[in-house]
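Make a model of the complete structure from these sequences and hints.
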Amino acid sequence: MTTASPTAAGVAQPPVFRTLRRTWLAGTIALSLAAFAAAIALAPAAGDDPGAALGTLLFLGSSVHVASTAWFFTLPEVRGHARTHPGRYIVAPAALVAGTAAAAVAVPYSRFQWALLAFFAWQFFHFQKQNLGMAALAGICQGGGSLSRPERLGIMIAGVGGIAGLLTHPDLLQLGVDARLRPLFPAALAVFAAGAAVGLYGLARRTARPRPFVAVYLISLLFFAPVFAFGTPYPAVAGLTIAHGFQYLLLVGLLSGAPRPGHRPGAGTLALTAIAVLGGIGLAYASHLHGSPDGAARALYGAYLGAVMAHFVVDAGLWRLRDAFPRRLLDAGVPYLLKP
Amino acid sequence: MTSMDVQAADPWAGWRPQPPQPGKGRGPKRALLGVAIAALIVLVFAAAAFAFLVVGDSAGAAGSCGGV
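Those protein sequences? They're chains P and X, same order as listed.
So in this note's numbering, the last spot in the first sequence is 799, and the numbers never skip.
So in this note's numbering, the last spot in the second sequence is 88, and the numbers never skip.
No wet-lab data here; the hints were simulated from the structure.
A portion of the hints provided could be inaccurate.
[Said to hold, decoys possible] Ranges between beta-carbon positions, derived for each pair:
| hint | chain 1 | residue 1 | chain 2 | residue 2 | range |
| --- | --- | --- | --- | --- | --- |
| 1 | P | A505 | X | A33 | 50 to 58 Å |
| 2 | P | G558 | X | D30 | 38 to 46 Å |
| 3 | P | Y568 | X | A33 | 53 to 61 Å |
| 4 | X | D30 | P | A554 | 21 to 29 Å |
| 5 | X | D30 | P | R538 | 20 to 28 Å |
| 6 | P | P567 | X | D30 | 23 to 31 Å |
| 7 | P | T666 | X | A33 | 33 to 41 Å |
| 8 | P | A496 | X | A33 | 46 to 54 Å |
| 9 | X | D30 | P | D507 | 28 to 36 Å |
| 10 | P | A775 | X | A33 | 29 to 37 Å |
[Stated by the list, open to error] Not everything, but these chain P residues come out facing chain X in the computed CB check (under 7 Å):
| hint | residue |
| --- | --- |
| 11 | F518 |
| 12 | S521 |
| 13 | T533 |
| 14 | Q633 |
| 15 | L714 |
| 16 | R719 |
| 17 | I734 |
| 18 | G738 |
| 19 | G741 |
Think of the CB as a built atom: it goes at the ideal place given N, C-alpha and C, for glycine as much as any other residue.
What follows is the structure, given as structure tokens:
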């Protein structure tokens, strides 16, 4: 198709918008489903390392995706926004990195692991917030409108159930702590099921249900299902980690490939790739230093945890579409996702 | 004019349909975005595979800090 398609406002859209919109929708669905399938198929026996293939997917889905957030700060408009909102974009990230670095040195790892329960709760809440955003974008770009209240509520309740399931079964997170909450695991499953029911009710009430939207919505709603379906860490959790990271890399990759006045095509994508991979190597290295007898090494491990939490904080600001700046940023980079 | 204003001035203008100009095609320009997306995928995967050889295979299920 070579003709331009009109928007609701009557302004002609470039034909490439349709291709990019389909790329994002198909990519998000395929990457998410493939992530879950790969985690289940490649999962090692209990107690074993994940192996080269699953280890590489986890490296991309965890450390590389976290490091890719730093690419946003190569954009002058993001740096300008950060200067006018220093609390979220400068002070909080610096405090998180410095604070967790100091805590990792001062607190023995046997006790520090308890704090990791809170860290992981935040991490999986961050996952579910992204799922909410993905489903909303899929609805908007398909002309079906954003999510209804029951649709949103369903995703969030299911997410709370999934997080509760992980906290009551910390073996799935490979943590050496036991809060003796395992009897509550069925209650977490009940919360997850209730969220799924609310979400399906909202979906059934929707008048227009384009198939790509339904697929993205169901992936978001049932994202934590593996937690309740499998009893060992890699099949239950690795798919969530990989799917979340790949969804993010696809969207940020599309943003980085958007044309920018005065920049060569592909320059943003190359910058993103370099930052994400080099930063990812550094984060992955630091993440394995938790058991070190050397205080400096443990400080690096703590800084790694702080950097991941800084990623949660920065993302929560940059993707908040009810604010004017994120809307302008996305409308300039991925306008085909904000308009049908 | 701030950099945000520059972005607001339709960075996609060059991609919008233009009246045909004799002797000028639009195909190569359109292809560049696809090349950029493909480059991202290829580079990330190639670099990650290389990086993995350095980093090892002990990643935890919930991210790199698992496997304690």
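Query raised in the report: Holds or violated: is the Cβ of T533 (chain P) closer than 7 Å to a Cβ in chain X?
Result: With Cβ-Cβ at 12 Å, over 7 Å, it is violated.
Report task. Have a go at the Q633 (chain P) hint: is there a Cβ in chain X nearer than 7 Å to its own Cβ? Result -> holds (4 Å)
Report task. Mind checking the hinted window 38 to 46 Å against the Cβ distance between G558 (chain P) and D30 (chain X)? Result -> holds (43 Å)
Report task. For A775 (chain P) and A33 (chain X), compare the CB-CB distance with the range 29 to 37 Å and indicate the outcome. Result -> The hint (29 to 37 Å, Cβ to Cβ) holds, given that A775 (chain P) and A33 (chain X) are roughly 32 Å apart.
Query raised in the report: Okay, D30 (chain X) versus R538 (chain P) on CB: inside 20 to 28 Å?
Result: holds (22 Å)
Query raised in the report: Per the CB criterion, is R719 (chain P) less than 7 Å away from chain X?
Result: Since chain X brings a Cβ to about 6 Å from R719 (chain P), closer than 7 Å, the hint holds.
**Report entry** Cut-off 7 Å, beta-carbon criterion: hint that G741 (chain P) touches chain X
**Finding:** Check failed: Cβ of G741 (chain P) comes no nearer than 10 Å to chain X, outside 7 Å.
Requested in this report: Evaluate the given range 53 to 61 Å for the C-beta pair formed by Y568 (chain P) and A33 (chain X).
Outcome: holds (55 Å)
Query raised in the report: Regarding the hint that L714 (chain P) lies at the interface with chain X, is the smallest CB-CB distance below 7 Å?
Result: violated (11 Å)
**Report entry** Range hint compliance [Cβ, A496 (chain P) to A33 (chain X), 46 to 54 Å]
**Finding:** Violated - the Cβ-Cβ distance for A496 (chain P) and A33 (chain X), about 41 Å, lies outside 46 to 54 Å.
Requested in this report: Just tell me: holds or violated, for the beta carbon distance of P567 (chain P) and D30 (chain X) against 23 to 31 Å?
Outcome: With Cβ atoms ~57 Å apart, the hint is violated.
Report task. Take a look at whether the Cβ-Cβ distance between A505 (chain P) and A33 (chain X) falls inside 50 to 58 Å. Result -> holds (57 Å)
The structure fails to meet hints 4, 6, 8, 9, 13, 15, 17, 18, 19 from the earlier list, while all remaining hints are met.
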